[in-house]
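There are 2 protein chains.
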Amino acid sequence: MSRSFHIEATRGAARAGRLVTPHGEVETPVFMPVGTVASVKGVPQDVLEELGVEILLSNTYHLYLRPGLQPIRQLGGLHRFMAWPRSILTDSGGFQVFSLNELRQVTEEGVKFRSHLDGSSHFFSPESAMEAQIALGADIIMAFDECTEHPAGQERARHSMELTLRWAERSKKYFETHKQEVPWNAVSDFESRVSGNWLAVPGRLEAASSKPESSTGEARLAGQVSTPAPAAGQTQSLFGIVQGGMDHRLRKESAERTITLDFPGYAIGGLSVGEPRALTREIVESTVAHLPADRPRYLMGVGTPDEIVAYANLGIDMMDCVLPTRAARHGLLFTSEGKISIKQARFASDQGPLDPACGCRVCRRYSRAYLRHLYAANEVLAQVLNTIHNLSFYLDTMRAVRHSIAPGSKAQFLPGERSRAKP
Amino acid sequence: MSRSFHIEATRGAARAGRLVTPHGEVETPVFMPVGTVASVKGVPQDVLEELGVEILLSNTYHLYLRPGLQPIRQLGGLHRFMAWPRSILTDSGGFQVFSLNELRQVTEEGVKFRSHLDGSSHFFSPESAMEAQIALGADIIMAFDECTEHPAGQERARHSMELTLRWAERSKKYFETHKQEVPWNAVSDFESRVSGNWLAVPGRLEAASSKPESSTGEARLAGQVSTPAPAAGQTQSLFGIVQGGMDHRLRKESAERTITLDFPGYAIGGLSVGEPRALTREIVESTVAHLPADRPRYLMGVGTPDEIVAYANLGIDMMDCVLPTRAARHGLLFTSEGKISIKQARFASDQGPLDPACGCRVCRRYSRAYLRHLYAANEVLAQVLNTIHNLSFYLDTMRAVRHSIAPGSKAQFLPGERSRAKP
Numbered sequence: 001m002s003r004s005f006h007i008e009a010t011r012g013a014a015r016a017g018r019l020v021t022p023h024g025e026v027e028t029p030v031f032m033p034v035g036t037v038a039s040v041k042g043v044p045q046d047v048l049e050e051l052g053v054e055i056l057l058s059n060t061y062h063l064y065l066r067p068g069l070q071p072i073r074q075l076g077g078l079h080r081f082m083a084w085p086r087s088i089l090t091d092s093g094g095f096q097v098f099s100l101n102e103l104r105q106v107t108e109e110g111v112k113f114r115s116h117l118d119g120s121s122h123f124f125s126p127e128s129a130m131e132a133q134i135a136l137g138a139d140i141i142m143a144f145d146e147c148t149e150h151p152a153g154q155e156r157a158r159h160s161m162e163l164t165l166r167w168a169e170r171s172k173k174y175f176e177t178h179k180q181e182v183p184w185n186a187v188s189d190f191e192s193r194v195s196g197n198w199l200a201v202p203g204r205l206e207a208a209s210s211k212p213e214s215s216t217g218e219a220r221l222a223g224q225v226s227t228p229a230p231a232a233g234q235t236q237s238l239f240g241i242v243q244g245g246m247d248h249r250l251r252k253e254s255a256e257r258t259i260t261l262d263f264p265g266y267a268i269g270g271l272s273v274g275e276p277r278a279l280t281r282e283i284v285e286s287t288v289a290h291l292p293a294d295r296p297r298y299l300m301g302v303g304t305p306d307e308i309v310a311y312a313n314l315g316i317d318m319m320d321c322v323l324p325t326r327a328a329r330h331g332l333l334f335t336s337e338g339k340i341s342i343k344q345a346r347f348a349s350d351q352g353p354l355d356p357a358c359g360c361r362v363c364r365r366y367s368r369a370y371l372r373h374l375y376a377a378n379e380v381l382a383q384v385l386n387t388i389h390n391l392s393f394y395l396d397t398m399r400a401v402r403h404s405i406a407p408g409s410k411a412q413f414l415p416g417e418r419s420r421a422k423p
Numbered sequence: 001m002s003r004s005f006h007i008e009a010t011r012g013a014a015r016a017g018r019l020v021t022p023h024g025e026v027e028t029p030v031f032m033p034v035g036t037v038a039s040v041k042g043v044p045q046d047v048l049e050e051l052g053v054e055i056l057l058s059n060t061y062h063l064y065l066r067p068g069l070q071p072i073r074q075l076g077g078l079h080r081f082m083a084w085p086r087s088i089l090t091d092s093g094g095f096q097v098f099s100l101n102e103l104r105q106v107t108e109e110g111v112k113f114r115s116h117l118d119g120s121s122h123f124f125s126p127e128s129a130m131e132a133q134i135a136l137g138a139d140i141i142m143a144f145d146e147c148t149e150h151p152a153g154q155e156r157a158r159h160s161m162e163l164t165l166r167w168a169e170r171s172k173k174y175f176e177t178h179k180q181e182v183p184w185n186a187v188s189d190f191e192s193r194v195s196g197n198w199l200a201v202p203g204r205l206e207a208a209s210s211k212p213e214s215s216t217g218e219a220r221l222a223g224q225v226s227t228p229a230p231a232a233g234q235t236q237s238l239f240g241i242v243q244g245g246m247d248h249r250l251r252k253e254s255a256e257r258t259i260t261l262d263f264p265g266y267a268i269g270g271l272s273v274g275e276p277r278a279l280t281r282e283i284v285e286s287t288v289a290h291l292p293a294d295r296p297r298y299l300m301g302v303g304t305p306d307e308i309v310a311y312a313n314l315g316i317d318m319m320d321c322v323l324p325t326r327a328a329r330h331g332l333l334f335t336s337e338g339k340i341s342i343k344q345a346r347f348a349s350d351q352g353p354l355d356p357a358c359g360c361r362v363c364r365r366y367s368r369a370y371l372r373h374l375y376a377a378n379e380v381l382a383q384v385l386n387t388i389h390n391l392s393f394y395l396d397t398m399r400a401v402r403h404s405i406a407p408g409s410k411a412q413f414l415p416g417e418r419s420r421a422k423p
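Protein sequence lines correspond, in order, to chains A and B. The opening position of the first sequence corresponds to residue 1 in the numbering used here, with each subsequent residue numbered one higher. The opening position of the second sequence corresponds to residue 1 in the numbering used here, with each subsequent residue numbered one higher.
So here's chain A without its partners, still in its complex pose:
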């Protein structure tokens, strides 16, 4: 698997690379927008493509609850389900379950939890989390880990780290045995095994039988056109996760022992859980030093625009965060002049663009006055446009970082746009 990650340039600790997945190439360092329940809230997939999104993150916990794993597997996996032909990463559900606090119970075997939607009881283990992620069929999936709470004592942090290591081994073992079951891998083969017959898949049968013009009808199966199946035999990549709380020695040990399991990529988990930002940065810096240079490094759940630049400069290759999308829904917008709250009355008569230095479709077309009006009037378009801009800002920021590392890379800026990263 390490052959599918290529480092093309470095500058200090920072690396510009290229991650090849069954659904395409991802230029790194990369920011992955979050599509919690198979949708980046309010943004159509073609707009995400236009923004240059090469990989999305989606949440196993949420998809497991709604619409459920089997519907997505039967429809050919998450890519076809959500009509997203490019790469996807799913988390293991561990972090969401961790966030449930009162609703969960951790044992050696796994985590028992209650749904935040209806209170129903569920259980995730390393094995079931792998089964779930294989059913979803993301390109990159994550080992099932325990996200250590903060603050945690030395003993608790060690215990939690050890549990995550045992779970990593179980995750890997299950994955290696079952990785051929990914829905997009030889669909006709695997689907016919599990469902008896390809045409017996309910949706497909209905779609086929309801159309007399079956040849046209077949070509018009939604999603089929835009999400071609990967080459036969390709499988997902399972990444390991380093834990260890806020203890440098535990982090080192967690990294070294996770590496012995030989994952094609490594994530740093258990950060952004309430600790001071300076501490986050320290832990990232010391942990990165123990990760292999030839594998992608994924820092989970960060951060602000400044932070993602800083982490990329520390040698992180992949990041995700709900901040740009969630902030957008609250009218908080990232611009080259800093963060602004579009709801403020001072924007009511401001006909300038949201960010004069931004070339996104929102800044090219709409005024601050209009965006402020949409927000004040509680119009859905406010959320749509705000989210598009914030994502554009994050993606532009990351493109600028990549360009600062590998000046010959595909970084493209519109006239008038400036480089946001100041390396």
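Don't read these hints as lab results, they were simulated from the structure. Treat the numbers as computed from the prediction; the structure is a model and nothing was measured. A couple of the hints might just be wrong.
[Claimed, not checked] Computed beta-carbon distance windows for the label pairs:
| no. | chain 1 | residue 1 | chain 2 | residue 2 | range |
| --- | --- | --- | --- | --- | --- |
| 1 | A | Ala293 | B | Gly68 | 52 to 62 angstroms |
| 2 | B | Glu49 | A | Thr107 | 50 to 60 angstroms |
| 3 | A | Arg104 | B | Leu100 | 42 to 52 angstroms |
[Stated by the list, open to error] Taking lysine-lysine and the DSS-like style, the derived pairs with C-alpha atoms no more than 27 angstroms apart in a straight line are:
| no. | chain 1 | residue 1 | chain 2 | residue 2 |
| --- | --- | --- | --- | --- |
| 4 | B | Lys112 | B | Lys173 |
| 5 | A | Lys179 | A | Lys112 |
| 6 | B | Lys173 | B | Lys252 |
| 7 | B | Lys343 | A | Lys41 |
| 8 | B | Lys172 | A | Lys41 |
| 9 | B | Lys172 | B | Lys252 |
Backbone N, C-alpha and C fix where the C-beta goes; we use that ideal spot for every residue, glycine too.
For this one, chain A is given, so just place chain B on it according to the hints.
Frame of chain A; chain B shown alone:
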């Protein structure tokens, strides 16, 4: 003004024409999507352009309350405010005020009403409704009328019709005196008169002063690029409205007396107010017979896809309705196979497109299963995609009607799309 409406072909009572406004050409018969508070809920303006929307309707009552008329006037009018370069029609506010029921009080002078937002007191008269619509600067504006309730007795219907006639005269008189005050007509001239100085307009000043690179900055004033000002000297068109309840003779009299005021276009108001659909159609048919053939005819507030086809075939040129956009928000979708409710469980595993005969960006990409999931998970993207499809269906329907009247017209269909109109 009648020179700006050209009939290009007829078939029976139906006409295919072309309406030229200060912001472009509109092929008729046309369906106008409703953007209540300067936004078609959830749909970005570039998507509306892509759908082929040539004219939008926006509501004076809602804009008057939020964001208010002066902010829009100061920002150059509704086109610039909402970054919509094509044509706009505003209603007079009469219908919305009529809908307030308990919150309004009608006198000869006008209508006193309370805001549905905060209960504050307001007053609309023919003069203030014209002043409001001139401030907004839509291409086509409507006389202030009283929408007669249904059912209404003969005496009440006559009284209401007479009031509408007197208000039409007052509307026209005010408009003729003040029509040069439209914000996009010689902006630098009029704005400098009302605001003292062009650069003293708050938003503009702020935008200019906050950017050292003033030449670039000027070019980047949002909306300026995409909404070029109409040629100097152009003004809005004020349409008259025919009332008369459900009485054919009153409708005839209303039409004839409104025509003596010589408007460049005529609307049929006071329908779709609770009467049976067969009666609506009868009244439309009998009223159309009394309207001049060389002026556009606008039927307000209709209808279903079947109805808009039927009304176009009766000789109606313009229609608007919240049905496609409102139904979309409730998961009700119009397709070539009839109306469907996407929330139904039977769609959970249906990987066919929403409408196999539709070529819109939603049907080309997403499955019914995905759209059903988005709706069930209460995702904002459900509203966005559903609205885009329903509008596309309406616009395709109207294009097919136009094509059936004038086969050489600009009707464009994607391969596989069928004509929905069965003339």
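Problem set entry | Hint consistency between B:Lys112 and B:Lys173 [alpha-carbon to alpha-carbon, up to 27 angstroms] | Between B:Lys112 and B:Lys173 the Cα gap is close to 21 angstroms, so the pair holds against 27 angstroms.
Exercise. When you take the CB atoms of B:Glu49 and A:Thr107, is the distance between them in 50 to 60 angstroms?
Worked result: Between B:Glu49 and A:Thr107, where Cβ atoms are some 57 angstroms apart, the hint holds.
Problem set entry | A:Ala293 paired with B:Gly68, Cβ distance criterion 52 to 62 angstroms | holds (59 angstroms)
Problem set entry | Proposed proximity, B:Lys252 with B:Lys173 (alpha carbon, max 27 angstroms) | Holds: B:Lys173 and B:Lys252 sit about 23 angstroms apart, inside 27 angstroms.
Exercise. Is B:Lys343 close enough to A:Lys41, meaning Cα to Cα at most 27 angstroms?
Worked result: holds (18 angstroms)
For this session: Decide if the proposed pair is consistent with the structure: B:Lys172 and B:Lys252, CA atoms, cutoff 27 angstroms inclusive.
Result: holds (21 angstroms)
Exercise. Quick one, are B:Lys172 and A:Lys41 close enough, alpha carbons at most 27 angstroms?
Worked result: Not satisfied, since the Cα-Cα distance of roughly 47 angstroms exceeds 27 angstroms.
For this session: For the pair supplied as a hint, A:Lys179 and A:Lys112, confirm whether the alpha-carbon distance does not exceed 27 angstroms.
Result: Distance ~25 angstroms between A:Lys179 and A:Lys112 Cα, so the pair holds.
Exercise. For the pair A:Arg104 and B:Leu100, does the Cβ-Cβ distance stay inside 42 to 52 angstroms?
Worked result: holds (50 angstroms)
Comparing the model with each numbered hint stated earlier shows that hint 8 is the single one that does not hold.
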